[in-house]
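Make a model of the complete structure from these sequences and hints.
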Amino acid sequence: MSFLIITVLLGAVMLAMAFIAIYHKKLIVAVIATGALGLFASILYLLLAAPDVAMTEAAIGSGLTTIIFFYVLNRIRTDAKEEENEA
Amino acid sequence: MEYITLITGFLIILAGLWAIMTRKNIIRIIIGFVIFDTGLHIVMVSIAYVRGGTAPILDGSVSIADAAQKIVDPVPQALVLTAIVIGLGVTALMLAYAMKLHQEKKSLNIESFKDLKW
Amino acid sequence: MELIGAIITLLGSFVLLVASIGLVRMPDVYNRLQVGTKATTLGTIMSLIGLVFLMPQWWGKLILLIFFVMMTSPVSAHVLARASYFIKIPFSSRTVVDKMKVNAKAMKIEHEKK
Amino acid sequence: MNKLFILIIIVALGSMLYPLVSSFDGNSELSSLAQFYAQPDNISKVNSPNLVTAIVVTYRGLDTMGEVTILFLTAAIIAFFLKKGGTTRTLRLNSEIFKTSAKLLVPIIVMLGVYIFINGHLSPGGGFQGGAVIASAVILMLLASPNTKLKHNFFEALESTSGLVFVGLAALGALLGLGYLDNAILPLGEFGKLFSAGAIPVIYSFVGLKVGAELSNILNKFQSVQSDK
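Protein chains in written order, with our numbering: chain A, 1 to 87; chain B, 1 to 118; chain C, 1 to 114; chain D, 1 to 229.
Note that these hints are calculated values from the structure, not bench results. Think of the CB as a built atom: it goes at the ideal place given N, C-alpha and C, for glycine as much as any other residue. Any given hint could be a false lead.
For lysine-lysine, the following DSSO-like pairs were computed, each having C-alpha atoms within a straight-line distance of at most 27 Å [as the list claims (entries may be wrong)]:
| hint | chain 1 | residue 1 | chain 2 | residue 2 |
| --- | --- | --- | --- | --- |
| 1 | D | LYS83 | D | LYS149 |
| 2 | D | LYS45 | D | LYS193 |
| 3 | C | LYS61 | C | LYS38 |
| 4 | D | LYS99 | C | LYS38 |
| 5 | A | LYS26 | C | LYS88 |
| 6 | A | LYS25 | D | LYS3 |
| 7 | D | LYS193 | C | LYS61 |
| 8 | C | LYS38 | C | LYS88 |
| 9 | D | LYS45 | B | LYS70 |
| 10 | D | LYS45 | D | LYS103 |
| 11 | D | LYS151 | D | LYS103 |
| 12 | C | LYS61 | D | LYS103 |
| 13 | B | LYS105 | A | LYS26 |
| 14 | B | LYS106 | A | LYS26 |
| 15 | B | LYS114 | B | LYS100 |
| 16 | A | LYS26 | B | LYS24 |
| 17 | D | LYS99 | C | LYS61 |
| 18 | B | LYS24 | B | LYS106 |
| 19 | B | LYS114 | A | LYS26 |
| 20 | D | LYS99 | D | LYS149 |
| 21 | B | LYS24 | B | LYS100 |
| 22 | A | LYS25 | B | LYS114 |
| 23 | B | LYS105 | B | LYS24 |
| 24 | B | LYS114 | D | LYS83 |
| 25 | B | LYS24 | D | LYS103 |
| 26 | D | LYS149 | B | LYS100 |
| 27 | B | LYS100 | D | LYS83 |
| 28 | D | LYS99 | D | LYS151 |
| 29 | B | LYS105 | A | LYS25 |
| 30 | D | LYS83 | D | LYS151 |
| 31 | B | LYS100 | D | LYS151 |
| 32 | A | LYS26 | B | LYS100 |
| 33 | B | LYS24 | B | LYS114 |
| 34 | D | LYS3 | B | LYS114 |
Sample of chain A residues facing chain D (criterion: CB under 8 Å; computed from the structure) [what the hints assert, rightly or not]:
| hint | residue |
| --- | --- |
| 35 | ALA12 |
| 36 | ILE20 |
| 37 | MET55 |
Dropping the structure here:
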């Protein structure tokens, strides 16, 4: 029964994270929300008796994906600044 | 429990699809793909769940003889395991494309790329 | 033995509770980082020490975990606070001392000419 | 108008997915394929306690090979796309605390990754997880000191060698008449010990090295095109 409550809560939080990732104005917050979605998904895998998948998702879905997104955002931001300086 | 995770997975898939189809920013479209991936993985793992099952690792608590009665289905888990790693590679590839596109046009709006339209 | 472990774990969780209240109460980023790091590190370490008393056969792994927490958590908070100082997140109005101001100019350095 | 159209499409897809939910009544027993894998005969034939590892490396080894190929292709395409820009980079100096602790932590994290993929057949974990952990150690090193030049040739040589060993071990099984990617080319050993399960730990270790090298390469490419201002 307690597992059921935890699962419902996790599902609600994950849907909220997906909503934030789609609709928040700042891209940085959206990327962080995507990473948090991956982290909650890894907890869900652990509840579903899949520890291997949970480890992979925790390392890749919330760690490396977010870092790659931030590298790209950083590059794009500096490019936009250069353009403003020229114009 | 597996019903709830299944429904959550399908809803997350639909949310990702909505993000892919309505957003204009390329980075947000890629975020939509990531969300879609996560939902798909949740659906596959929850289909693999067997009621009251334990993880498919045969240590002290599960012996070889009654493995078939106690463990959950390992096949979709193995598929999801590789799919997550592929997802990282594909996401990195899409982001590299996005970076190149931004260098060309100085814009991330998908509507400013009309070169093949006439 | 079990009683000592339970008491230490309870104290650790109390410290964690105080930390989470402080996260809501504190006025700006730097204070929140301080609360969220110092108290959380202490609470986690105390819970792990309590677990050493409860499960004596796990002591090696638990001491390794304490080492990891002590290595990573303060350093990450330090890096976060530093980054938020450099992108000029404002202090709360009651801040008096800013010791970082003196050498902020010396922190910029040119890297990698090509 | 456009959004309404998209909404209709999504609602249609959702109603197509609805029968899948309503007809799903949960599993109370394993599917026949999984029961085949979980039979005591087949478990003792593979001799690996972690069934997921057994499936990834042996039964579905061809899938793993294709997956590794896809990862290699994406790494190659990213390396082709992201040429290094020749701009002057102005970065803030990292503090001594961060640098020192990163120097202390990186070897430990790499060791943890190696532990994860060597013990992949006994406990949760394996080549992919270990490779991801190694890549996160590399990203910590790159964040602490952005000017370190990763030895590109070393990573490429590591990746190619591990891929060749993977394919070679797989083909050795076919040469010995056991079947492609069979794990019985090495002695099976005792159930639950480190040196058991035949070729599974060896193959998974090389997969882990390959995945770690590829992910590190991708991250290094993304890092080296940065131009902080």
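Verification of the supplied hints:
{"no.": "1", "hint": "LYS83(D) with LYS149(D)", "verdict": "holds, 15 Å"}
{"no.": "2", "hint": "LYS45(D) with LYS193(D)", "verdict": "holds, 15 Å"}
{"no.": "3", "hint": "LYS61(C) with LYS38(C)", "verdict": "holds, 23 Å"}
{"no.": "4", "hint": "LYS99(D) with LYS38(C)", "verdict": "holds, 21 Å"}
{"no.": "5", "hint": "LYS26(A) with LYS88(C)", "verdict": "holds, 18 Å"}
{"no.": "6", "hint": "LYS25(A) with LYS3(D)", "verdict": "holds, 19 Å"}
{"no.": "7", "hint": "LYS193(D) with LYS61(C)", "verdict": "holds, 20 Å"}
{"no.": "8", "hint": "LYS38(C) with LYS88(C)", "verdict": "holds, 23 Å"}
{"no.": "9", "hint": "LYS45(D) with LYS70(B)", "verdict": "holds, 20 Å"}
{"no.": "10", "hint": "LYS45(D) with LYS103(D)", "verdict": "violated, 44 Å"}
{"no.": "11", "hint": "LYS151(D) with LYS103(D)", "verdict": "holds, 17 Å"}
{"no.": "12", "hint": "LYS61(C) with LYS103(D)", "verdict": "holds, 22 Å"}
{"no.": "13", "hint": "LYS105(B) with LYS26(A)", "verdict": "holds, 21 Å"}
{"no.": "14", "hint": "LYS106(B) with LYS26(A)", "verdict": "holds, 19 Å"}
{"no.": "15", "hint": "LYS114(B) with LYS100(B)", "verdict": "holds, 16 Å"}
{"no.": "16", "hint": "LYS26(A) with LYS24(B)", "verdict": "holds, 14 Å"}
{"no.": "17", "hint": "LYS99(D) with LYS61(C)", "verdict": "holds, 26 Å"}
{"no.": "18", "hint": "LYS24(B) with LYS106(B)", "verdict": "holds, 15 Å"}
{"no.": "19", "hint": "LYS114(B) with LYS26(A)", "verdict": "holds, 26 Å"}
{"no.": "20", "hint": "LYS99(D) with LYS149(D)", "verdict": "holds, 16 Å"}
{"no.": "21", "hint": "LYS24(B) with LYS100(B)", "verdict": "holds, 17 Å"}
{"no.": "22", "hint": "LYS25(A) with LYS114(B)", "verdict": "holds, 25 Å"}
{"no.": "23", "hint": "LYS105(B) with LYS24(B)", "verdict": "holds, 15 Å"}
{"no.": "24", "hint": "LYS114(B) with LYS83(D)", "verdict": "holds, 25 Å"}
{"no.": "25", "hint": "LYS24(B) with LYS103(D)", "verdict": "violated, 42 Å"}
{"no.": "26", "hint": "LYS149(D) with LYS100(B)", "verdict": "holds, 23 Å"}
{"no.": "27", "hint": "LYS100(B) with LYS83(D)", "verdict": "holds, 11 Å"}
{"no.": "28", "hint": "LYS99(D) with LYS151(D)", "verdict": "holds, 20 Å"}
{"no.": "29", "hint": "LYS105(B) with LYS25(A)", "verdict": "holds, 22 Å"}
{"no.": "30", "hint": "LYS83(D) with LYS151(D)", "verdict": "holds, 16 Å"}
{"no.": "31", "hint": "LYS100(B) with LYS151(D)", "verdict": "holds, 25 Å"}
{"no.": "32", "hint": "LYS26(A) with LYS100(B)", "verdict": "holds, 22 Å"}
{"no.": "33", "hint": "LYS24(B) with LYS114(B)", "verdict": "holds, 13 Å"}
{"no.": "34", "hint": "LYS3(D) with LYS114(B)", "verdict": "holds, 20 Å"}
{"no.": "35", "hint": "ALA12", "verdict": "violated, 18 Å"}
{"no.": "36", "hint": "ILE20", "verdict": "violated, 19 Å"}
{"no.": "37", "hint": "MET55", "verdict": "holds, 5 Å"}
When the structure is compared with the earlier hints, violations turn up for hints 10, 25, 35, 36 and for no others.
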